[in-house]
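> Sequence:
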Amino acid sequence: MAKKFLRFILVLLVGLFILLGSAIYYLHEDVPAGTSGSEAELLATKMEEAINKPAWNNLRWVSWTFPGDKVYVWDKYRQFLLVEWGGKRVILNLKNKEGKAWQENQAVSGNTAAKFIKTAWEGFCNDSFWFIAPTKAFDKGVKREMVIMPSGKKALKVIYQDGGVTPGDTYLWEFDQKTNLPISFKMWVKILPIGGIKSTWENWITLPGGAKIALDRKLGPLNIKMSDVMSGKSYKDCGLEKDPFLSISK
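Residue numbers (my numbering): 3 to 252.
Quick caveat, the hints were computed from the structure, so don't treat them as lab data.
Watch out, some of these pointers could steer you wrong.
To be verified - Computed beta-carbon distance windows for the label pairs:
hint: 1; residue 1: K220; residue 2: A57; range: 24 to 32 Å
hint: 2; residue 1: N95; residue 2: E51; range: 26 to 34 Å
hint: 3; residue 1: V73; residue 2: K99; range: 18 to 26 Å
hint: 4; residue 1: T208; residue 2: M151; range: 22 to 30 Å
hint: 5; residue 1: Q163; residue 2: S251; range: 31 to 39 Å
Stated by the list, open to error - Listed next, the in silico DSS-like pairs over lysine-lysine satisfying Cα-Cα at most 27 Å (straight line):
hint: 6; residue 1: K188; residue 2: K200
hint: 7; residue 1: K72; residue 2: K220
hint: 8; residue 1: K188; residue 2: K138
Note that the coordinates shown come from a computational prediction; the quantities given were computed from them, not determined experimentally.
Here a beta-carbon is modelled for each residue, glycine too, at the ideal position from N, C-alpha and C.
Whenever a hint applies, use it, and build me the whole structure from the sequences.
As structure tokens, then:
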């Protein structure tokens, strides 16, 4: 009886592996060839103009909630970050990745604090990219290429050659032909076994000062939705009663 059960489990696992392999084979897309140069630079520049990148650069405080009830408060001028998730709270200096951590309002130290701080920083690298990816086309170490789509439209391929948590990730942006706002990108990233997965970028809003942010990113039935987005010149504009970074700002 036990042998029959084990045989059944083995057949089931083999079937699942075959199904997964077939899905990867049929859904996977190779990274399209592109051309660097003035046309790629122009596409990236138009994207930054559409989202008002200068207004984003001038914005000091911004906060948002990422799916999974992960709350971020970012002082962009001082490069300080507050992250709250699952009863944990971290404040850190993004310049040196040093900070402080709490769990259930109790300060933690040593390896526990280091683990929380590392988790907060890695989460920020991912989640802030999903929040403001269109502002990062001209980051250091980024390569830009123009791709002609099967439809004949021009798309922007952005390759992150270094930095962050997963260097080498590649994205292919498509744009609204009238506004130049991003409408979607396809991804070739280390964390996903299938290349070319598409996510929309939609439901754009304008923040105080003029910067534009998309609230919704849909991957099939999944929506990576940014909520509780607030911004301004002071922590008060993010709904806070006091500066959360006083203990690390000295």
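> Against the range 26 to 34 Å, how does the distance between the Cβ atoms of N95 and E51 compare: consistent or not?
32 Å, holds
> Given the hint that K188 pairs with K200, does the C-alpha gap stay at or below 27 Å?
The given pair, whose Cα atoms are some 4 Å apart, holds under the 27 Å limit.
> Looking only at beta-carbon atoms, does the pair V73, K99 fall within the given range of 18 to 26 Å?
The hint (18 to 26 Å, Cβ to Cβ) holds, given that V73 and K99 are roughly 19 Å apart.
> Given a hint of 22 to 30 Å, does the C-beta separation of T208 and M151 actually sit inside it?
Check passed, 28 Å falls within 22 to 30 Å.
> Holds or violated: are the alpha carbons of K188 and K138 at most 27 Å from each other?
16 Å, holds
> Is the distance from the Cβ of Q163 to the Cβ of S251 consistent with 31 to 39 Å?
About 33 Å separates the Cβ atoms of Q163 and S251, which means 31 to 39 Å holds.
> For the pair supplied as a hint, K72 and K220, confirm whether the alpha-carbon distance does not exceed 27 Å.
18 Å, holds
> Has the hinted range 24 to 32 Å been met by the Cβ atoms of K220 and A57?
25 Å, holds
The structure shown violates none of the earlier numbered hints.
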